[in-house]
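Novice: One-letter residues, chain by chain:
2 protein chains.
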Amino acid sequence: MIRDALRDAIIDRRLAPGTKLSEAEVGALFHVSRTVVRAALQMLSFEGLVRAERNRGAFVANPTPDEARQVFDSRRLIEPGIAMAAAERIGAADIAAFRMALAGEERLLGERGPSARRAEIRASGDFHLLMAAVAGNAILLKFMEELVARSSLVIALYGRSGASSCGHGDHGRILSALERRDGVEASRLLSLHIDHIEMDLDLRVAEGMALREALATE
Amino acid sequence: MIRDALRDAIIDRRLAPGTKLSEAEVGALFHVSRTVVRAALQMLSFEGLVRAERNRGAFVANPTPDEARQVFDSRRLIEPGIAMAAAERIGAADIAAFRMALAGEERLLGERGPSARRAEIRASGDFHLLMAAVAGNAILLKFMEELVARSSLVIALYGRSGASSCGHGDHGRILSALERRDGVEASRLLSLHIDHIEMDLDLRVAEGMALREALATE
DNA sequence: CAAGTCAAGATTGCATACAATTTTTGCGTC
DNA sequence: GACGCAAAAATTGTATGCAATCTTGACTTG
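Heads up: the sequence lines are chains A and B, in that order.
Numbering-wise (the numbering used here), the first sequence opens with residue 1496 and increments by one.
Numbering-wise (the numbering used here), the second sequence opens with residue 1496 and increments by one.
Hints listed in this document are in silico derivations from the structure and should not be mistaken for laboratory results.
Some hints here could point you the wrong way.
Because identical chains cannot be distinguished in the list, a pair is counted as satisfied if it fits within a single copy or across any two copies.
No farther apart than 20 Å at their CA atoms in a straight line, the calculated lysine to aspartate or glutamate pairs in the EDC-like style are these [said to hold, decoys possible]:
#: 1; residue 1: K1637; residue 2: E1562
#: 2; residue 1: K1637; residue 2: E1542
#: 3; residue 1: K1637; residue 2: D1568
Modelling step: build the complete structure from the supplied sequences, incorporating the hints.
Specialist: Printed below as a string of structure tokens:
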């Protein structure tokens, strides 16, 4: 439970990258001992959302542009295959779930404000996770959960505020292809979709980050 | 350190699938408290080598044939892409490391006995991990570490004793393609190679496993 | 004699206490 | 006023103790 609460806060960027997650402080907030906090932090460290330093503590991950590229390279490698599998296995119940997720996304696109943006990033990730679930491979689903979480963090960090984070209708078209069981087309659209997301990022800030990071550590 | 020792023991099948890993017992063996043992077991649980049950304890994973298939499906999806990346980035030092790994493998192929078989499975996995390291994506490397570990467990469980587990020279041919920087060919060979490994397994024991599993739990 | 029940033992889950390390802070000196 | 050093405060790493849960085996009962 604590892990999920922290993960949500990190992905929503309520916890800024670099923030120190003191065991005692987190424990006080949740009214639990450091023991369980440590377990939660260890899990998040495995997911790459938290960076743990020996004898120094845990910090909200601050992915570099290079790490951001690795996240999207990984997704470009894995997700098209997931789309192929999902196209083969998709059923009526799955399609209904997709339609509901899409409706939620489009509703959020109309809203304004930072909380709507957060919800939008989250909903967009859920679409991809739903597809991974339909593909029916638990291991790949776990990988995708990690990649989507890291993507959300990267988008929150490097996303251009102007452009909308994800769906220019991409999700809708991908779902259409899945419904037609056209795995090849779904795969192709998904690949383009990941390109779109990455192009929306501003990964040029490679230099100078080390200094700001030191400042952000508080 | 404890995590690595346990992982090696699991992969080498010195710890049989289903074996209970009691916190107190493991702690006594390593002369540490249950606290650190719990941390190690949590990590292995994340890697899928250990199955943790609430209030019951941790057990060496006993992958079902279906899980085994998912492992190899995942590898079929990811590894060809890694081969492509590795072909682009491979350097002289990498090739030297590959040659050394291959020499070790072929030496092991000549030896007899269960300990040579274990070392062979391990060396075979190291070849794939080396390729992932050369590919230069830390996230994919971590995924591959998990997949290779799980594969080793699956091979130990379902491998036919007759056929040699991995290299019918496959690794050598893949390395040749990498040296020529022929990513497409390396990718194709790797895909076939994974098929070879999976064909060497006997995954038909789907039924009746539940009973044997209950017995193996001790 | 089989089946259900309950108590004793064992094991995990969590909290807390102590040790080790790092960070901060205060003092002295240049 | 700046720098260096040392002591104190804070934080993490590990061990241990107690409570909760599960397992086991004997005992009761139909």
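Novice: Are there hints from earlier that the structure breaks, and if so, what are their numbers?
Specialist: none
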